[in-house]
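Once you've looked at the hints, dock chain Z against the given chain W.
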Amino acid sequence: MGAADGRTRRRREPGILSNSGWDMWATLSLESRFESIEIAERALVDLFGEAGVGGDEEYWILTALREAIANAIRHGHHGRPEESVRVDYRVEADLVSITVVDQGEGFDPAVIPDPRDAENLLKPCGRGIFYMRRFMDEVAFRRGPDGGTMVCMNRKLTPRPIKE
Amino acid sequence: MKQQIRDAGDVRIISLSGKITIGAGDVMLRELINESLEAGSTKVLLDLGGITAIDSSGIGEMVASYTSAKNRGAQLKLVNLSKKINDILQVTQLITVFDVFDNETEAVESFG
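The listed protein sequences correspond, in order, to chains W and Z. Residue 1 is where the first sequence starts when you use our numbering, and the numbers rise one by one after that. Residue 1 is where the second sequence starts when you use our numbering, and the numbers rise one by one after that.
In isolation and in its complexed conformation, chain W is listed as follows (with noise of 0.2 Å):
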């Protein structure tokens, strides 16, 4: 198996303008190294593509979505290529969802401390899930399936025109 496994599938029903007609969907296992952030990067660019999502919109959610997965190589693996890490993207008209699961012994998201207090300004890590909730309008974590974090972020979409 190369870098990702992944499938993509869309569903949509032409002419149908109402949110309930667009609806995409794509799933990616990746490999626990930081060269799958650019793949799982590039799939959801290309789902973005035919939804019409674009500028400042994909791009802070795209940091969202490299923080999400950097987070789970680096503290869910550790670093452990041989884990996998799993992400699952809902593309509807107005709504962007992202599941990120990781194979790692979890964290209380509870103790992560705010960047911007004066203690932490000059730390150099724990920014990312600031970032997270920061970029996304809900991120929640939990127990994954089979254990790990799964990390479940959304966001509202910018109304646009619907593709035929």
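Everything labelled a hint here was simulated from the structure, so no lab data went into it. Only true hints are included.
Below, computed lysine-lysine pairings styled on DSS-like, alpha-carbon distance capped at 25 Å:
no., chain 1, residue 1, chain 2, residue 2
1, W, Lys123, Z, Lys70
2, W, Lys123, Z, Lys84
3, Z, Lys84, W, Lys156
4, Z, Lys84, Z, Lys2
Frame of chain W, contents of chain Z only:
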């Protein structure tokens, strides 16, 4: 990430382009600044005009480099930040830590 290094008087200017992200530029950034500091530069200007993306690891390396420079009695300043990099620094309040300039001449002169 690509880099170009030159001197303007006693100011070492490191111009970067591409991404400063985990595993793709973050470590290189640290090494570039450390090499300049170890070579005796006390005035280092980081030109981020060509940077298309930066993540928390890249920001972390910038902060670590800032601290490292300060501890050696050197200064690290930033110039040509895109609006997005400016936003990234704003939201974590790091914009209050770094000296940030809009153009190189102004930045070089600020070192005195």
